[in-house]
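Asker: Based on the provided sequences and hints, a complete structural model is requested.
The residues making up each chain are set out below.
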Amino acid sequence: MLSRIAAVARKELLDASRDRRTLLVALVSAAAAGPIFLMLIFNLIASQAEKSHDIKLPVIGAERAPALIDYLKRQQVTITAAPADFEKQIRGGDLDIVMTIDDGYADAVADGRPGIVRLTYDRSRDRAGATIAEVEDLLRTYNRQWGGERLMMRGLAPSVAAPVEVRGVNVATPRQSGALILFMIAYYGLFASVIGSLSFALEAAAGERERMSLEPLLMTPATPLEIAVGKWLAIATFNLLVVCVTLTGFYLTLAFAPLPPVGVPFLFSAFDALRFVLILLPMIALMPAVLLFLGSRGRSIREAQANTSLLFFVVSIIPMIQQFTQRKEPPWILDVPVSAQYTLLNRVLRGEPLHFMDLLQSYAAPLVLTAVALFAIARLWSRESTLAGKT
Amino acid sequence: MIVVDRLVKTFPAKGKAAAVRAVDGVSLTADDGAITGILGPNGAGKTTLLRMLATLIEPDSGTATINGHDVVAAREAVRREIGVLSDARGLYPRLTARENIAYFAALHGVPDALRDRRIDELLHTLNLTALADRRAQGFSQGEKMKVAIARALIHDPQVVMLDEPTNGLDIMSVRALREQLRALRAAGKCLVFSSHVMQEVAALCDRIHIIGKGHVVASGTTAELVAQAGAASLEEAFVALLGSGEGLAA
Numbered sequence: 001m002l003s004r005i006a007a008v009a010r011k012e013l014l015d016a017s018r019d020r021r022t023l024l025v026a027l028v029s030a031a032a033a034g035p036i037f038l039m040l041i042f043n044l045i046a047s048q049a050e051k052s053h054d055i056k057l058p059v060i061g062a063e064r065a066p067a068l069i070d071y072l073k074r075q076q077v078t079i080t081a082a083p084a085d086f087e088k089q090i091r092g093g094d095l096d097i098v099m100t101i102d103d104g105y106a107d108a109v110a111d112g113r114p115g116i117v118r119l120t121y122d123r124s125r126d127r128a129g130a131t132i133a134e135v136e137d138l139l140r141t142y143n144r145q146w147g148g149e150r151l152m153m154r155g156l157a158p159s160v161a162a163p164v165e166v167r168g169v170n171v172a173t174p175r176q177s178g179a180l181i182l183f184m185i186a187y188y189g190l191f192a193s194v195i196g197s198l199s200f201a202l203e204a205a206a207g208e209r210e211r212m213s214l215e216p217l218l219m220t221p222a223t224p225l226e227i228a229v230g231k232w233l234a235i236a237t238f239n240l241l242v243v244c245v246t247l248t249g250f251y252l253t254l255a256f257a258p259l260p261p262v263g264v265p266f267l268f269s270a271f272d273a274l275r276f277v278l279i280l281l282p283m284i285a286l287m288p289a290v291l292l293f294l295g296s297r298g299r300s301i302r303e304a305q306a307n308t309s310l311l312f313f314v315v316s317i318i319p320m321i322q323q324f325t326q327r328k329e330p331p332w333i334l335d336v337p338v339s340a341q342y343t344l345l346n347r348v349l350r351g352e353p354l355h356f357m358d359l360l361q362s363y364a365a366p367l368v369l370t371a372v373a374l375f376a377i378a379r380l381w382s383r384e385s386t387l388a389g390k391t
Numbered sequence: 392m393i394v395v396d397r398l399v400k401t402f403p404a405k406g407k408a409a410a411v412r413a414v415d416g417v418s419l420t421a422d423d424g425a426i427t428g429i430l431g432p433n434g435a436g437k438t439t440l441l442r443m444l445a446t447l448i449e450p451d452s453g454t455a456t457i458n459g460h461d462v463v464a465a466r467e468a469v470r471r472e473i474g475v476l477s478d479a480r481g482l483y484p485r486l487t488a489r490e491n492i493a494y495f496a497a498l499h500g501v502p503d504a505l506r507d508r509r510i511d512e513l514l515h516t517l518n519l520t521a522l523a524d525r526r527a528q529g530f531s532q533g534e535k536m537k538v539a540i541a542r543a544l545i546h547d548p549q550v551v552m553l554d555e556p557t558n559g560l561d562i563m564s565v566r567a568l569r570e571q572l573r574a575l576r577a578a579g580k581c582l583v584f585s586s587h588v589m590q591e592v593a594a595l596c597d598r599i600h601i602i603g604k605g606h607v608v609a610s611g612t613t614a615e616l617v618a619q620a621g622a623a624s625l626e627e628a629f630v631a632l633l634g635s636g637e638g639l640a641a
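For the record, the sequence lines run as chains D and Y. Going by the numbering used here, the first sequence opens with residue 1, and the numbers climb by one from there. Going by the numbering used here, the second sequence opens with residue 392, and the numbers climb by one from there.
Hints in this document: simulated from the structure, not taken from any laboratory. Accuracy of the hints is not assured; some may be wrong.
Unchecked claim - Pairwise CB distance ranges (calculated): (1) D/SER300 <-> Y/GLY634: 32 to 42 Å; (2) Y/ASP451 <-> D/ARG10: 31 to 41 Å; (3) Y/ASP451 <-> D/VAL372: 24 to 34 Å; (4) D/LEU310 <-> Y/THR401: 30 to 40 Å; (5) Y/VAL565 <-> D/SER316: 53 to 63 Å; (6) D/SER300 <-> Y/THR401: 19 to 29 Å; (7) Y/ASN433 <-> D/SER309: 31 to 41 Å; (8) D/ILE333 <-> Y/GLY529: 48 to 58 Å; (9) D/LEU367 <-> Y/SER452: 53 to 63 Å.
Even for Gly, the Cβ is constructed at its ideal location relative to N, Cα and C.
Answerer: This is the structure in structure tokens:
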């Protein structure tokens, strides 16, 4: 029995290793995921951090409010002329913000009425958020200073009009971007265990039927279960490789790449990467079994691919829900495949200890489901409709 | 030796399609040291019969034994005894001819040393040696067929069942295959052979079973069948026997 399982596993690995293009795409995309994602996130953080010091502000009608413009220039704001089609550029995301000084600004100010300054921006753009906030803040400060001067001229202390002073200490940016990186690593690590085995699992299951090689295979002394287990072993091995390559990519990038100094609030050590693998093991085992099952329900690879869409949807949406609901996890979360792994990955990234019992609890359901899937495949292959269903 | 006794297989009704009685009480024998032909039009139940003998599907009733092993009760033993070239004969395109055959040798538990020798022998007799280490991807229909035949014979089975083995083969390959089958017969193997090509069956088979609508319509040597139908050739006998087949059902 073992020798037949080994024969099937060996053949599947040999077969997979011959599929150079699929193999290369799988491994290269796994290795590149870490560097690419991290570079993107770090650039985002870096550009946000830069913005608070170096704001470019296109202004229409700068000559109507020379005092305001001087103030802004003293605050390190670079004043530029606004293009004529600025609204379109803002909608398209090419410009963050434009300030328009109203025609009647000078007259209004001279009469003691508020002068109107219009800010045009697109609040829905995250990237522009920091700039918008900064400009609004500067204008508020200018407003307060000027108002304070007027009060003083009337013999009142400026604090009369400002009974409360708000001082913000902004610690959000580094921590949030840190959280974003944590989320990306956990999410992508989890995802690698799903996509790592996709093409080979479908090829090994639906491919057998598509090529009409399943029937000869089932006529050998190898039982359907032995064949299923052999295929699963080969694909799970490959899946493990893909996950390891993905995590190595993240690890090497964080450890050695010259990333912009944005203060990442955690370390991703080789030991953490190893704990990641330990946490992901049940997924590395379960996903090939589920994909083989879905694959063996398809008469062709294309048909099987349609069957996998729902799996991808579920696996990709669960971490999102957990990330954005931000509730404290109930203890049973460790019984739920995908959720359990995501929870434990996050714990490791937050520097919390990984308890052996928790790990064990997270293994239970996936391992049972793996066995169920393998038996289901074996049952499917012993049904005559599977044989009769040729393309 | 194959003994089939009143074998029945019905496929259940599915939606609007009525239930199909694909094999309806087939009884026949195939002896060792002989080539037994199974002839029948499309949909006669040949493939279903073959699948039951290969233990892929279970009969509803009746029995079939291969070298005394029941196809239901002794599935494993049966699989060790048979080599089957079925209607489905796909190869693994990324494996070479040799690897395709070696995979099945491993599944049959053929020892490594014996395996390499047998692969070489089979590749030689089927005139495939030049292609041995090329990937199956680019093989012609006939080349694929020959590899599938080698794969079915790799474990030196006592019972060999071949479904339309000459489909897509050129004349040289057909002759080579014919030689191979005669050699197997001389070695005392039990061979079952199904084909649409009447000359092929007539030239090769010691005994022929004609199957129509799930029954054995007639059995005998070519000469007996021709005489029974009062026809001039096996082809005419085939048409005549199937045409008036209902009355002759076993």
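Asker: Run every hint past the structure and note whether it holds.
Answerer: Going down the list of hints, with the structure as the test:
1. D/SER300 <-> Y/GLY634: 32 to 42 Å: Between D/SER300 and Y/GLY634, where Cβ atoms are some 39 Å apart, the hint holds.
2. Y/ASP451 <-> D/ARG10: 31 to 41 Å: Since the Cβ atoms of Y/ASP451 and D/ARG10 sit about 38 Å apart, the hinted range of 31 to 41 Å holds.
3. Y/ASP451 <-> D/VAL372: 24 to 34 Å: Taking Cβ atoms as reference, Y/ASP451 and D/VAL372 lie about 29 Å apart, which means the hint holds.
4. D/LEU310 <-> Y/THR401: 30 to 40 Å: 35 Å Cβ-Cβ, so the 30 to 40 Å window holds.
5. Y/VAL565 <-> D/SER316: 53 to 63 Å: With a Cβ separation near 55 Å, Y/VAL565 and D/SER316 satisfy 53 to 63 Å, so the hint holds.
6. D/SER300 <-> Y/THR401: 19 to 29 Å: holds (28 Å)
7. Y/ASN433 <-> D/SER309: 31 to 41 Å: Holds - the Cβ-Cβ distance for Y/ASN433 and D/SER309, about 37 Å, lies within 31 to 41 Å.
8. D/ILE333 <-> Y/GLY529: 48 to 58 Å: holds (52 Å)
9. D/LEU367 <-> Y/SER452: 53 to 63 Å: violated (41 Å)
Figure legend: structure checked against the earlier numbered hints; the only hint not met is number 9.
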